[in-house]
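Using the sequences and the accompanying hints, generate a full structural model.
When you number the sequence shown by my numbering, it's gap-free, plus one each residue, and the end is 152.
There may be inaccurate statements among the hints.
Mimicking SDA-like on lysine to any residue, the simulated pairs with C-alpha atoms at most 20 Å apart in a straight line are [to be verified]:
id, residue 1, residue 2
1, K89, P5
2, K89, A14
3, K89, W142
4, K89, A119
5, K89, G115
6, K89, M67
7, K89, Q117
8, K89, P73
9, K89, T71
10, K89, D10
11, K89, I4
12, K89, L137
13, K89, A50
14, K89, G11
15, K89, E15
Label pairs and their calculated CB-CB ranges [said to hold, decoys possible]:
id, residue 1, residue 2, range
16, S101, G42, 47 to 57 Å
17, P5, S101, 14 to 24 Å
18, D100, M43, 43 to 53 Å
19, A103, G11, 26 to 36 Å
20, T148, P44, 45 to 55 Å
21, V88, G115, 16 to 26 Å
Calculated from the structure, these hints are not laboratory results. Keep in mind it's a predicted model, so treat the numbers as computed, not measured. Ideal Cβ positions, reconstructed from N, Cα and C, are used throughout, including at glycine.
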Amino acid sequence: MQFIPYLNFDGHCAEAMAFYAQLFGGQIMHQMRFSDMPPSEGMPPLPPEAQSRLMHAHLQVGSQAIMASDTMPAVPGGGPETCGGGYVKPQGMWVSIGVDSAADGQRIFNGLADGGQVAMPFSATFWSPGFGMVTDLFGTPWMVNVQTQPAA
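Structure below.
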């Protein structure tokens with residue numbers, strides 16, 4: 001079993017995934033735009049402002065993955081619980097990254113913090129040689145934690 005974070009963006013998915021691929025040393029395995037969807041009977045026409053948005057993206061980082069998409073633009077009468085409800089900022093969750101060294105943790109934290117908002121600066125804690133919390137410039141909340149080896 002594997003848990004894969006699935007992130008949503010408001011038209012910045014391609015930019016965010018390219019940034020994450022570079023920062024985390026991963027590879028974008030797949031990207032598909034809403035305009036790539038085949039026509040389907042009974043499906044309303046795709047709004048022009050949705051054409052270039054990503055319907056799905058898959059970033060592979062070693063044995064881990066992050067998947068993502070842009071939301072559809074809000075449509076009149078659509079709420080955030082529907083496909084046409086528009087973008088809602090992430091709430092009540094953080095994507096946690098476990099790294100092997102404080103130097104790598106600091107590098108990743110600094111990359112995520114550039115243009116973002118720091119909630120807790122990266123520093124040593126009682127449980128780790130490095131931990132920090134930041135929301136990146138794309139609106140995704142992250143926790144960066146240096147993994148420690150359990151005591152023998």
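Hints the structure fails to honour:
The structure breaks none of the hints.
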